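Model the full structure from these sequences, guided by the hints.
Next come the chains, spelled out residue by residue.
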Amino acid sequence: MDLILVNLIDGLVTGLLLFMLSAGLTLIFSMMGVLNFAHASFYMLGAYFAYQISLYLGFWMGLLIAPVIVGIAGAGVERYGLRRVHQYGHVPELIFTFGLALLIEEIVQFIWGKNQMPYSPPEILQFTLFSIAGNAIPAYKIFMICMSMGIFISLLFVLTRTRVGMVIQAALSYPKTVEALGHNVPLVFMGVFGVGTALAGVAGVIAGPVLGTFPGMAFLLGSIVFVTIVIGGLGSLWGALVASLLIGWITTFAASYNVAMADILMAVGFEQPIDLSESAWRDLWSLTLPQIGPILPYLLMVLILVFRPYGLFGKRDV
Amino acid sequence: MRNTTTLGLTAALALSVSATAVWAENIKIAFIDPLSGPFASTGTNGLHQYEFAAQTMVNDKGGVLEGDMFEIVPFDNKVSPKESLIQLQVAIDQGIRFVAQGNSSGVAHAITEAVEKHNKRNPDSRVLFLNYAAVDPALTNDKCNFWHFRFDANADIKMDALTDVMAENEDIAKVYIIGQDYSFGKAVAAAAVANLGEKRPDIEIVGNELHPIGKVKDFTPYARKVIASEADAVITGNWGSDMLGLGKAIIENGFSGPIYTYYAAGSGMTGAFGETGKGAIRLVSEGQVNPPPTDEAKAYYEAFLAKYPDGNIDQARISNVIGMLAQAINEAGTATDVVAVANALEGMEYDSMWGTKIYMRPNDHQAIQNLHINAHTDEGVTFDYDNSGFGVVSESMIEMAGMDSPSTCDMKRP
Numbered sequence: 000m001d002l003i004l005v006n007l008i009d010g011l012v013t014g015l016l017l018f019m020l021s022a023g024l025t026l027i028f029s030m031m032g033v034l035n036f037a038h039a040s041f042y043m044l045g046a047y048f049a050y051q052i053s054l055y056l057g058f059w060m061g062l063l064i065a066p067v068i069v070g071i072a073g074a075g076v077e078r079y080g081l082r083r084v085h086q087y088g089h090v091p092e093l094i095f096t097f098g099l100a101l102l103i104e105e106i107v108q109f110i111w112g113k114n115q116m117p118y119s120p121p122e123i124l125q126f127t128l129f130s131i132a133g134n135a136i137p138a139y140k141i142f143m144i145c146m147s148m149g150i151f152i153s154l155l156f157v158l159t160r161t162r163v164g165m166v167i168q169a170a171l172s173y174p175k176t177v178e179a180l181g182h183n184v185p186l187v188f189m190g191v192f193g194v195g196t197a198l199a200g201v202a203g204v205i206a207g208p209v210l211g212t213f214p215g216m217a218f219l220l221g222s223i224v225f226v227t228i229v230i231g232g233l234g235s236l237w238g239a240l241v242a243s244l245l246i247g248w249i250t251t252f253a254a255s256y257n258v259a260m261a262d263i264l265m266a267v268g269f270e271q272p273i274d275l276s277e278s279a280w281r282d283l284w285s286l287t288l289p290q291i292g293p294i295l296p297y298l299l300m301v302l303i304l305v306f307r308p309y310g311l312f313g314k315r316d317v
Numbered sequence: 000m001r002n003t004t005t006l007g008l009t010a011a012l013a014l015s016v017s018a019t020a021v022w023a024e025n026i027k028i029a030f031i032d033p034l035s036g037p038f039a040s041t042g043t044n045g046l047h048q049y050e051f052a053a054q055t056m057v058n059d060k061g062g063v064l065e066g067d068m069f070e071i072v073p074f075d076n077k078v079s080p081k082e083s084l085i086q087l088q089v090a091i092d093q094g095i096r097f098v099a100q101g102n103s104s105g106v107a108h109a110i111t112e113a114v115e116k117h118n119k120r121n122p123d124s125r126v127l128f129l130n131y132a133a134v135d136p137a138l139t140n141d142k143c144n145f146w147h148f149r150f151d152a153n154a155d156i157k158m159d160a161l162t163d164v165m166a167e168n169e170d171i172a173k174v175y176i177i178g179q180d181y182s183f184g185k186a187v188a189a190a191a192v193a194n195l196g197e198k199r200p201d202i203e204i205v206g207n208e209l210h211p212i213g214k215v216k217d218f219t220p221y222a223r224k225v226i227a228s229e230a231d232a233v234i235t236g237n238w239g240s241d242m243l244g245l246g247k248a249i250i251e252n253g254f255s256g257p258i259y260t261y262y263a264a265g266s267g268m269t270g271a272f273g274e275t276g277k278g279a280i281r282l283v284s285e286g287q288v289n290p291p292p293t294d295e296a297k298a299y300y301e302a303f304l305a306k307y308p309d310g311n312i313d314q315a316r317i318s319n320v321i322g323m324l325a326q327a328i329n330e331a332g333t334a335t336d337v338v339a340v341a342n343a344l345e346g347m348e349y350d351s352m353w354g355t356k357i358y359m360r361p362n363d364h365q366a367i368q369n370l371h372i373n374a375h376t377d378e379g380v381t382f383d384y385d386n387s388g389f390g391v392v393s394e395s396m397i398e399m400a401g402m403d404s405p406s407t408c409d410m411k412r413p
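Chains as they are written, first to last, in numbering that gives the first Met the number 0: chain P, 0 to 317; chain Y, 0 to 413.
Hints were generated in silico from the structure; no laboratory data involved. Model, not experiment: these values are computed from the prediction. Note that beta-carbon positions come from the ideal geometry of N, C-alpha and C, so glycine has one too.
To give a feel for the contact side, a few chain Y residues facing chain P, derived at Cβ under 8 Å:
1) 208
2) 224
3) 227
4) 240
5) 266
Here are the simulated DSS-like pairs of lysine-lysine, each with C-alpha atoms no more than 30 Å apart in a straight line:
6) P/113 to Y/297
7) Y/142 to Y/411
8) Y/77 to P/113
9) Y/27 to P/113
See below:
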């Protein structure tokens, strides 16, 4: 029972982290139709920039400055890269962002090398806030939760309660009309791209110290972010939130409980072969839940695509 | 920084190729390991240690035989067995008789097979395989051959040493084993279970699991299970980011016992563990760096740092490879007849500057040497890793570890 509570908290942390990445991606995708393969690379850039800044000015300045730099870099990519490629259609855009992802990874290795970076949480957050049955909950985890919650609420506020948010929402559905009304739609696109990448940057800044800051970090998260926005529904902030939390909890719980396939099969009424090594079903019998945990989100995505192609909260087809 | 290294390497490669024609008497050692791609830092660091060892231990002392110099020729294999075989052929075609490789047992298997075939078919241009880091036990057991020499302790010997130390620790009653889901992770787990069952049957193994290699984003759920199992110690064979992620998650979520590892140092990992790893991380390895066992080792490390300020000597065995090869060539009186050199290496007893005697066991060509259980700490560290102030300090030593370990090797001599 105690472990369930601990897992709920851990899953929440993973989920909210994923949300910060998918929120930006889903906005960019729904607005421009660009599948931004480089999104996770901006997350990595956030972590590296923050690490570099933290060497001189401390963690908090890193948290403040690094996302801004990443956001500006993102806006620059949109303004001078994507906008030019956009006219040639979606495939060149796809290739452009894919190339960008490779380029960023190489640049990071070029500057910082291939080793792990010693990027750690700030001193004042390096203590155990409370324990549940011997399981320590570090203060930094709670800080991560508060941070991402704050970002979600302010994002929701901006998008639904302010004038800027309304223009963005309008530009999402009727860009031509919004342009005719005198709004600078390319600027809106650039802004959204910048903010989206900055969000990924924030995620990198706060995730770097716990998940490790190394050149492979973008690759590790890259595919799962796409899964999240497909499950949540394109362009839906709520969808991104729900899907992220769902994936966070699914992967956490799957890794935590050693449910063996053999138990399930026997419960259903199958009989275990006496000599497993000879049986053709050996792999199936020896499967455990933690082993298949990492593929569960992908399974969920396939099911969603089959039964609800527009995602949990989306309004249009993928 | 890295690009200068690569540039330097390319230049060195080009130079060495052109230099071949001029000084034909150089004794060349092909270094076949990753110099690009994800494991480039490991390979490049190893290459630096080889070049430094050849320069300091042999060339500066007047070379071997009658002034013949050692020369390390780097080949990039991208940790691919296929690529390695191509590079091996290139090396052989250049007239190189000694091949050094270490990263990945998969590659080592490919090379050892290829070398055996080549030597059988081409008795005039035989080569020796100096394996300095691939630790799959099979290489000195079922798959052994006369041309292969392993200078690192194999995975079974290391686990034997690790469990010797664990068995003496009365505080350990429950052990959790976790590793990457592939052959090496499974071998480590099997060796741990077998050794603990034999030495301390009272120890309960409360967890034995494998996780997907290189796919886990967050190790927290695994850490929770370790803590929920009330384990007193953890054993893992993890390496790279899987090692760092697992170690950090376990410690940060409230585990306070020792974590016994194979590869939790160097390549930025020591720096990244920093304060959190202190008192928890233990490593089994050959070669004692802290405290420096001899004045010679101290001077050697200092000279290395003067040349590579960002480098680590995290593979002390590399200097043993060079030292033992030089001694064997001198004993054999030839560098071209590799059978004579191999015979001299076989059964050699070598005094390493790292404070150990090394015995090259003749029946399987497995080097037997002192193994150390090191602790990750910042106290008593003469030579730190990653310029972090933290390093590994020897806590206990197992003398001539695995001296009587069995081997199924059936060696066929030429």
